[in-house]
Every structure is written in C-alpha cells, then in structure tokens.
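Engineer: Listed below, chain by chain, are the residues.
Number of protein chains: 2
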Amino acid sequence: MSNKPTFTSAAEAEAAFYEALARSDLDAMMAVWSEDEEVVCVHPDNPRLVGLASVRESWRQLFTGKVKLSVRTSHRVVTATMQLEVHSVIEHIAVEGEKRLQPPMVATNVYMRGALGWRLVMHHASAAPENPHAARPDAPRIVH
Amino acid sequence: MSNKPTFTSAAEAEAAFYEALARSDLDAMMAVWSEDEEVVCVHPDNPRLVGLASVRESWRQLFTGKVKLSVRTSHRVVTATMQLEVHSVIEHIAVEGEKRLQPPMVATNVYMRGALGWRLVMHHASAAPENPHAARPDAPRIVH
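Those sequence lines, one after another, are chains A and B.
Position 81 of the first sequence, counted from 1, bears residue number 109 in the working numbering, the numbering being contiguous throughout.
Position 125 of the second sequence, counted from 1, bears residue number 153 in the working numbering, the numbering being contiguous throughout.
Hints listed in this document are in silico derivations from the structure and should not be mistaken for laboratory results.
Glycine included, every Cβ here is placed at the ideal spot set by N, Cα and C.
Careful, some of the hints might be misleading.
[Said to hold, decoys possible] Chain B is nowhere near these chain A residues, computed Cβ spacing over 12 angstroms in every case:
(1) Asn31
(2) Ala39
(3) Gly145
[What the hints assert, rightly or not] Chain A regions said to be covered by chain B (calculated; three or more residues, Cβ under 8 angstroms):
(4) 49 to 60
(5) 98 to 109
(6) 112 to 123
[What the hints assert, rightly or not] Some chain A residues close to chain B (C-beta under 10 angstroms, calculated; not the full set):
(7) Pro75
(8) Arg76
(9) Ala81
(10) Val134
(11) Ser154
Please put together the full structure from these sequences, using the hints given.
Structural biologist: Dropping the structure here:
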C-alpha cells in the first residue's frame, strides 16, 4: 500500500525530518510523521497544531512560501527507551540568500517505534536566544 | 536518605510540578525532577538549560522574584509507553494581582519511570498565541 521509508532508528527519522525541511519536500516530511498517534506540532510563536491534517497543512504552507530554510542541529540530548525517544536539539537556521544565521531555536522531537519503524509524533520548536533580553526587549520579565 | 515523594503516574508528577510552581516552592519543584537523567528545561524565550544544577538555579531565580504565577493546564495530549510519557499541554498563566490572563503557552513535558516512580526529565515551554501576528508584529514570517 505504501512506499514510505522505514526508519530503523529515531536518529534516522530525525535526519529525514531535517532533510525534508531543507528540500521543502512535503511528501518526505509527512513520511516521517506517525499515522497512528495523535501528532502534535508547534512552530515557533504559533498556536499548537494537533492531528495529521493540521500538521500537513502547516508544512504545505511553509513549503509553498518563497523562503527556503536549511537547518543544522547540534547539542542533542536524548531520553530513550525501547519504544519512545525524545531528542532535544538546538536548531541553527539559515535562510537561503541570507548570510546571517537566524537566532537559534530549540526543538523537542518525540519519536515512537511502531510496526513500520520509528516515526515522529511530536515536534515543538521555539526561539532560544542566547541573550533573551537583547533579542526581545518586549519580552515579559517572568520566565515562565 | 530521601524524603522525596514517589509519584505513581506521570499525571501525578505533572500535578506536583504545577503545584510547586504556584507555591514558588523550590524543594517541591526539584522533587519532581529526575536525578538520574540529563534533564532539560526551556523557559519561554530563554536559552535551553541542561543539567539539574542549571535547572534548579532557574527556578530559584524565578521563585525569589516578586511575580507569583498560577498555571492552569488544558488540552493535554499524551504519548505514553510503560517507561516514558510525553504530555503536551496548553498553559494558562495568571500573574497574582493581575486580572488579565497572560497569552497562552504550550509546554512539552517528558516523564520517565524509574526505581522511585515517575519523574520529570524535560520541560519545554514557549508562547503559543492564538493569533501570532497580532501578538508579535515583529515575528519573522517564516514559521520554522
């Protein structure tokens, strides 16, 4: 029925996620997401999306825009069990045609192992400036 | 050796987390966090913190400030296995003495089951305005 790739590890699924993002490839992006779980996606400074249809639509909109992004990740911290893995990564985002890097983001990516290998079930990304008050002078002084 | 409470479910640990926050109780807050795993904490619009010492210091600073917060959570989406649970929640934050609610936040909370019950290993919170461009006119137009 499906020609979707099988990811044999969460790390492999994560690599495919960021490759799909760099190529603005919607099919490759959606192949990384789980079809079994109630998926959750949080794009920076946007409302939380729940469910595959909303998540797909958000990537479709991003990929049809003119902005091309490439993301390098670093400083991965992993919490892993046999069936579920959570990766916290710092995202370094470059916009095609711009020399300057965007301020760093932090992402929490959750992968689950199912019958068809590892799939993404949650992606939560947000700004993580190194100097928060310089980056957002309007930011409230409460940290939570 | 320890008088720390044992949480028999991730939901119980989560309730204790938000109670500790509402009471600005540092000991109760740190009793929720795992001492076994490399913990991660992201406060909204702040750099990611890794390790118990940094995480503890961030809560100490928050709790010694003058701002008292109470947080109600809603719309919990759970991804669960026997040993690891991930909760995505919407946080509705009230600042003591202010009538108006803060804009909603989204949090991804990760709990692991160890010998001493369920403990928090990651907390990632960020702004999730219902209308992102109204809330942050300076927000970049890229969503990732």
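Engineer: Does the nearest C-beta of chain B fall within a distance shorter than 10 angstroms of the C-beta of A/Arg76?
Structural biologist: With a closest approach of 5 angstroms, the A/Arg76 hint holds.
Engineer: Holds or violated: is there a CB of chain B closer than 10 angstroms to the CB of A/Ser154?
Structural biologist: Constraint on A/Ser154 satisfied, holds at 3 angstroms.
Engineer: If I take the minimum Cβ distance from A/Gly145 to any residue of chain B, is it greater than 12 angstroms?
Structural biologist: Nearest chain B Cβ is 16 angstroms from A/Gly145, so the label holds.
Engineer: Identify whether the interface hint at A/Pro75 stands, where standing means a beta carbon of chain B within less than 10 angstroms of its own.
Structural biologist: holds (5 angstroms)
Engineer: Holds or violated: A/Val134 as interface residue toward chain B, Cβ cutoff 10 angstroms?
Structural biologist: This hint holds: A/Val134 lies near chain B, its Cβ roughly 5 angstroms from the closest one there, short of 10 angstroms.
Engineer: Say whether it holds or is violated: A/Ala39 keeps its Cβ farther than 12 angstroms from all Cβ of chain B.
Structural biologist: Non-interface label stands for A/Ala39: nearest chain B Cβ at 17 angstroms, farther than 12 angstroms.
Engineer: Quick check: the region 49 to 60 of chain A, covered by chain B? Criterion 3+ residues, Cβ under 8 angstroms.
Structural biologist: Since three or more residues must qualify, the claim that chain B covers the region 49 to 60 of chain A is violated, with 1 doing so at under 8 angstroms.
Engineer: Does the no-contact call for A/Asn31 survive, Cβ to all of chain B over 12 angstroms?
Structural biologist: Per Cβ check, A/Asn31 is outside 12 angstroms of chain B; nearest 26 angstroms; holds.
Engineer: Hold the hint about A/Ala81 up to the distance rule: shortest CB distance to chain B must be less than 10 angstroms.
Structural biologist: Interface hint status for A/Ala81: violated (15 angstroms vs cutoff 10 angstroms).
Engineer: Given as covered by chain B, does the region 98 to 109 of chain A meet the bar of three residues or more with CB within less than 8 angstroms?
Structural biologist: Result for this restraint: holds, n = 5.
Engineer: Count the residues of the region 112 to 123 of chain A whose Cβ falls closer than 8 angstroms to any Cβ of chain B, and tell me whether that reaches three.
Structural biologist: Answer holds; 6 residues pass the 8 angstroms Cβ test.
Checked against the numbered hints listed earlier, the structure breaks hints 4 and 9; every other hint is satisfied.
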